[in-house]
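Please model the complete structure; the sequences and the hints are all you need to start from.
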Amino acid sequence: MGQLRTRKRGSTWEWSFEGAKINGKRNPISQGGYRTKAEAITAGTQAKAEYDSAGRRFTPSDISVSDYLDYWYNNYVKANLSYNTQMDYEKKIRIHLKPAFGKYRLASLETDVIQKWIDGMKRQGYSRSMVKNTLSCLSGAMGYAVYPCRYIKYNPCDYARVPKIAASEGAKAHTEYICVKEDFAAIIERFGPDSNFYMPLMTGYHCGTRLGETYGIDLLHDVDFEHHTITVRHQLANEGGKWYYRPPKYDSVRTIKILPEYEKILKAEIHNRKKNMLRYGQYFTKTYQMDDGLIFQAPANVKIVGKEIMPISTKENGELLTPYSFKYCAKVIHEELGNPLFHSHCLRHTHGTLLAENGAQPKTVMERLGHKDIKTTMDRYVFNTEKMQNDAIVILADAIS
0 MGQLRTRKRG STWEWSFEGA KINGKRNPIS QGGYRTKAEA ITAGTQAKAE
50 YDSAGRRFTP SDISVSDYLD YWYNNYVKAN LSYNTQMDYE KKIRIHLKPA
100 FGKYRLASLE TDVIQKWIDG MKRQGYSRSM VKNTLSCLSG AMGYAVYPCR
150 YIKYNPCDYA RVPKIAASEG AKAHTEYICV KEDFAAIIER FGPDSNFYMP
200 LMTGYHCGTR LGETYGIDLL HDVDFEHHTI TVRHQLANEG GKWYYRPPKY
250 DSVRTIKILP EYEKILKAEI HNRKKNMLRY GQYFTKTYQM DDGLIFQAPA
300 NVKIVGKEIM PISTKENGEL LTPYSFKYCA KVIHEELGNP LFHSHCLRHT
350 HGTLLAENGA QPKTVMERLG HKDIKTTMDR YVFNTEKMQN DAIVILADAI
400 S
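Using numbering that gives the first Met the number 0, the first residue of the sequence shown is number 0, and each one after it goes up by one.
Please keep in mind that the hints were generated in silico from the structure rather than gathered at the bench. There is no bait here: all hints are sound.
Simulated pairs of lysine-lysine, DSSO-like, Cα-Cα distance not exceeding 27 angstroms:
| id | residue 1 | residue 2 |
| --- | --- | --- |
| 1 | LYS115 | LYS97 |
| 2 | LYS374 | LYS91 |
| 3 | LYS163 | LYS371 |
| 4 | LYS248 | LYS77 |
| 5 | LYS362 | LYS180 |
| 6 | LYS266 | LYS180 |
| 7 | LYS248 | LYS330 |
| 8 | LYS241 | LYS330 |
| 9 | LYS273 | LYS263 |
| 10 | LYS274 | LYS263 |
| 11 | LYS102 | LYS90 |
| 12 | LYS374 | LYS163 |
| 13 | LYS131 | LYS102 |
| 14 | LYS374 | LYS131 |
| 15 | LYS273 | LYS256 |
| 16 | LYS77 | LYS241 |
| 17 | LYS248 | LYS326 |
| 18 | LYS90 | LYS121 |
| 19 | LYS131 | LYS163 |
| 20 | LYS302 | LYS285 |
| 21 | LYS36 | LYS47 |
| 22 | LYS263 | LYS306 |
| 23 | LYS326 | LYS180 |
| 24 | LYS7 | LYS20 |
| 25 | LYS131 | LYS90 |
| 26 | LYS371 | LYS90 |
| 27 | LYS115 | LYS152 |
| 28 | LYS90 | LYS163 |
| 29 | LYS263 | LYS314 |
| 30 | LYS102 | LYS152 |
| 31 | LYS90 | LYS115 |
| 32 | LYS248 | LYS131 |
| 33 | LYS241 | LYS91 |
| 34 | LYS36 | LYS7 |
| 35 | LYS97 | LYS121 |
Listed next, with one range per pair, are the computed distances between beta-carbon atoms:
| id | residue 1 | residue 2 | range |
| --- | --- | --- | --- |
| 36 | GLN360 | ASN83 | 22 to 32 angstroms |
| 37 | GLN2 | THR375 | 55 to 65 angstroms |
| 38 | LYS266 | ARG189 | 18 to 28 angstroms |
| 39 | ASP372 | ILE303 | 32 to 42 angstroms |
| 40 | ASN300 | ASN83 | 27 to 37 angstroms |
In this text, a Cβ means the ideal position worked out from N, Cα and C, and glycines have one as well.
Next comes the structure, spelled out in structure tokens:
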């Protein structure tokens, strides 16, 4: 490539250099408008370096882990991952990864350094899931550096191992809590059909949906009473203070069968919603899904260009309720009902475990819950209950006899 040249044109300076020929013809690259020759040289040097590196603003062999993590986040994470995952990774990069590895060159980062950091996180008292998830973030970044970028030859995270970290009894009990019939009956007695939390509770219990998926159900378009199904198409996600319909986790769109009991609940909710529309008239708040997934609300007498939807959970006047609203429900269950182990995800655990202990095939449970693999279903969502253990003994006795 040609050398960088500068020249004065009128009262300003210009830099230029020869680019690669195109169709055998010269390809001069230049830019002017600089006040001084020094400014033109500085800008031209940077521009030529970028050109010689096919547009990159860094040399792969010299880039720091800190700068590379920024590059990966801006070019891969923002373009391919959900908003919530972006926020999670940004926090992990800022709080954990940059302080630990940011000062090193990307090319010099090796497994032993990563393993030492993992062991240090264990000593600091982080949970195993926290360590695994942070390592997963780093591994994703390093994997991208291997392919497609080819900045490094192998992923130094591949051979790092997260040691076993014993969970406290309280944390284990909280994670594995199953909402038995008596507990759920007490919850529904407190949050009955007239409560804002009745529909989310019944949906989580009957469908095993994630909380965001529960609030993402549209009663107008996702429920099929003829075929007795409900389709999980969206999760309701907060992005920068606004609510959007986004694809469910792992793009796990699925259609599941529902019980007549739950159908009856859905029909009653739709009937009540229509009654409230008539009752409030122009003061009823309607909900719309815009082309970009934004959830927009407006008074009934205002015409909106968007797809009208009927969110599964709203106030009486149609005002949208969100997963954030559910925090109050959990607080009441903890303090007023004396059940500190309850959490929104326990309804999902309960759903999966009830299916498994009553004979549902693991693959059926996996698909109903929208998991990406059977291991997640069996390890995290199907717990070995006393009924399962008793059933195993009966099966063993029958087999032996």
